[in-house]
Amino acid sequence: MVKPFNILITSFTSATSPTALDGCGTIANFLQMVFVLTALFERAAVSTGVISSVYNIPHYVWGFTTANELANAPRFPTVIIMPPNYYSLSLALLSVMDHFGWDEFAFIYSLAEDVERCPVYLTDLQKALYVQQQFTISYSNVWRNNTDSEMKSILSDLRNRARVIVVCSSSFAVKRKLFLHAYDMGMTTSDYAYILSDLGTSGYIAGTSLDTNKTIYAWEDQSSPPDGRDKDAYSAYLRTITLSDVQCFILLFLCDVVSDDSHASTTYAEFGDDVLAKMKGAPFFCKSQCEKANGWKLSLLAYQLYDAFVMYATVANRTLSLGSSYRDGAYMLNHTAGVYKGLLSNITIAYDGSRVPEFSLSTMSGFHGEPVTAGRITFDTSGEDALVHILLEMKSVESSMTVPSSHSDVTNPTPEEVVHEKLRNIIVGITPRAGFCSGCGPGFMATYGGYVYGGIAVALLILIAVINIVIFSLRARVLERERQDALWRIPFITLRKVTNKQSSFVSNGTEVNSRTTEMRNETDRMCFFHYGKEALMALKHHAIIKYESAVNEEFRKMRQLEHDNLNRFFGISSDGGTTYSLWRYCSRGTLQEITKCFQESGRISLRAMSSKEQSGFAIIASELVTKKMAWDLDNRKEGAEGKPLNTSD
1 MVKPFNILIT
11 SFTSATSPTA
21 LDGCGTIANF
31 LQMVFVLTAL
41 FERAAVSTGV
51 ISSVYNIPHY
61 VWGFTTANEL
71 ANAPRFPTVI
81 IMPPNYYSLS
91 LALLSVMDHF
101 GWDEFAFIYS
111 LAEDVERCPV
121 YLTDLQKALY
131 VQQQFTISYS
141 NVWRNNTDSE
151 MKSILSDLRN
161 RARVIVVCSS
171 SFAVKRKLFL
181 HAYDMGMTTS
191 DYAYILSDLG
201 TSGYIAGTSL
211 DTNKTIYAWE
221 DQSSPPDGRD
231 KDAYSAYLRT
241 ITLSDVQCFI
251 LLFLCDVVSD
261 DSHASTTYAE
271 FGDDVLAKMK
281 GAPFFCKSQC
291 EKANGWKLSL
301 LAYQLYDAFV
311 MYATVANRTL
321 SLGSSYRDGA
331 YMLNHTAGVY
341 KGLLSNITIA
351 YDGSRVPEFS
361 LSTMSGFHGE
371 PVTAGRITFD
381 TSGEDALVHI
391 LLEMKSVESS
401 MTVPSSHSDV
411 TNPTPEEVVH
421 EKLRNIIVGI
431 TPRAGFCSGC
441 GPGFMATYGG
451 YVYGGIAVAL
461 LILIAVINIV
471 IFSLRARVLE
481 RERQDALWRI
491 PFITLRKVTN
501 KQSSFVSNGT
511 EVNSRTTEMR
521 NETDRMCFFH
531 YGKEALMALK
541 HHAIIKYESA
551 VNEEFRKMRQ
561 LEHDNLNRFF
571 GISSDGGTTY
581 SLWRYCSRGT
591 LQEITKCFQE
601 SGRISLRAMS
611 SKEQSGFAII
621 ASELVTKKMA
631 WDLDNRKEGA
641 EGKPLNTSD
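Be aware that the sequence shown starts at 1, since it is given in full-length UniProt numbering, and climbs by one per residue.
Hints were generated in silico from the structure; no laboratory data involved. All C-beta atoms in this analysis are idealised placements derived from N, C-alpha and C, irrespective of residue type, glycine included. Among these hints, one or two may not hold up.
[Unchecked claim] Computed list of lysine-lysine pairs in DSBU-like fashion (alpha-carbon distance at most 30 Å, straight line):
1) Lys557 x Lys540
2) Lys231 x Lys177
3) Lys214 x Lys280
4) Lys214 x Lys231
5) Lys628 x Lys612
6) Lys177 x Lys297
[Stated by the list, open to error] So the derived label-pair ranges between C-beta atoms look like this:
7) Asn160 x Gly228: 27 to 33 Å
8) Ile544 x Leu633: 51 to 57 Å
9) Asp157 x Gly228: 24 to 30 Å
10) Gly101 x Ser149: 31 to 37 Å
11) Thr123 x Trp296: 32 to 38 Å
Start from the sequences, fold in the hints, and give me the full structure.
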């Protein structure tokens, strides 16, 4: 029902967002295209999706576009997505975890590759984990430069944190290097399993050698000269499974041993021959470039382009029969949901225009190292609930796997032997003995016991040190208090009483000199003593002093008071029958007596002083009392004469 039309094929050497926007907008505006088929990467696909939505043109996305954002039907009402996205792959990965009873895993990837692959995968995986919270990423890390030191550091960090390790990398050389490091570190034993998970990757097959026309496997070194460690890499790959949207029969048609794939493998091979024949005819007329001997081969995702044309033609015919326009992208999207017959299998499109994906779970054959499909993961029609289908009856086989020297030791295996080798290497056979649940594997104390005990020892040492410091400080405080108390507690036996026969009473702690006073006689309330070289005046107290803490504290403070013209408190003596309060005797008199003496003798006469003398005497008196300079000169910017101080010196 569709009239003949021309197909415009535009190739962009740089599939960036501005380039894609410019090309898509120009074609839509001037050439009035009927529908768009794009095989772009994330950002460019989103940009062209916006343009096609603005012009309301049917837009079919195929190839390596994995943006989950395109499944947002309200924003992209005309976009139909053929490839799966990383969110669907995340749901498939979690379904595999659930199928085998695993709830914790590690996720490591390379940042030296396409930034729109593994980082996007991790982001979508975290979104899926938010929905299915029974699963946990126990460890995630990234190496940036594919260096040996970075890979070893990451493997060393995760070896005691996870037993299931999800690896995301599109480079076979990088994955081989990683697994060789894991092999050297003893991380390819039965305690570990690795899941190689990515979109558009070929699992264990790296390509085909043009010289020998033989398959190149992921564990085979392609450098020159080779490192000679293919056997070690092969042994490491035996601990792996792959999860991808690419079926093994699409790669190089090496899965003939799996009966469920034989028909699809033949169909895809015939499809490749038909494409090659049509490329040699009109309108392409491809010559030598389309020869298999010159390296021509069918694209891994060519079936998506075929399915997109079939789907558009089916929906366009249905739209025309209803009298609607086949250029109405929104209308066609609303009538696209359903099941279509694709090249290799049925195609299911969900209500939002995204394809309900199907993923394959693969491992290695024991005889030739060829990829073997162990199971498939399918989704419901909404594309949200995933279910794992194991193709063979899996049973754990305890026999060990030996690495074949040339991958062809058994030339004619029987079907029973083939099945036996598959059962040996399929998923259950590589389940780590340490388990995957939260309580399995090395315990916390087994892993970090040394750090825990070391931390406890350090904490105990610190606690003991703090206790000792507190005890020492308290004891020092008690000893200091006892020392100060001993200063004011004067034994009576150390005092020498002054009698009338003594002619003078010396003060200030020196030998007898000119500074003497008249003889002091003992009264009923007062007497005089010598304590060493100190002259003391003692007041008699007939009451008994109760030495409480407050009283002792006051005595200690009084004992610390020092002044030459002050009857300073010296101590208490109570062991001589009478309690004496001892005071330092001032031979020159107290401040009060000296001042009174000056006034009586006329030495100080304010009336005889001039105003300047009075001011000077006031300054001296204020400095003696406040112990600061007059007029607060210490804190002022000008000097005593009122001139500003020179602050430059």
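How the hints compare with the structure:
At most 30 Å may separate the alpha-carbon atoms for a hinted pair to count; lysine 557 and lysine 540 meet this at roughly 21 Å. Between lysine 231 and lysine 177, the direct Cα distance comes to roughly 13 Å. Compliance with the 30 Å bound is thereby established for this hinted pair. Straight-line distance between C-alpha atoms of lysine 214 and lysine 280 comes to about 26 Å, which keeps the hinted pair within the 30 Å bound. Between lysine 214 and lysine 231 the CA atoms are separated by roughly 18 Å; this keeps the pair inside 30 Å, and the hint holds.
At roughly 20 Å between alpha-carbon atoms, lysine 628 and lysine 612 fall within 30 Å of each other, so this suggested pair holds. A distance of roughly 28 Å separates the Cα atoms of lysine 177 and lysine 297; the hinted pair therefore holds under the 30 Å criterion. At about 31 Å, the beta-carbon gap between asparagine 160 and glycine 228 stays in the expected band of 27 to 33 Å. Between isoleucine 544 and leucine 633 the CB atoms are about 52 Å apart, so this pair conforms to the stated range of 51 to 57 Å.
Separation of aspartate 157 from glycine 228 is about 29 Å and conforms to the stated range, judged on CB atoms against 24 to 30 Å. Taking 31 to 37 Å as the suggested C-beta distance range, the pair glycine 101 and serine 149 conforms, at roughly 35 Å. In this structure the supplied range 32 to 38 Å holds for threonine 123 paired with tryptophan 296, their Cβ-Cβ distance being about 37 Å.
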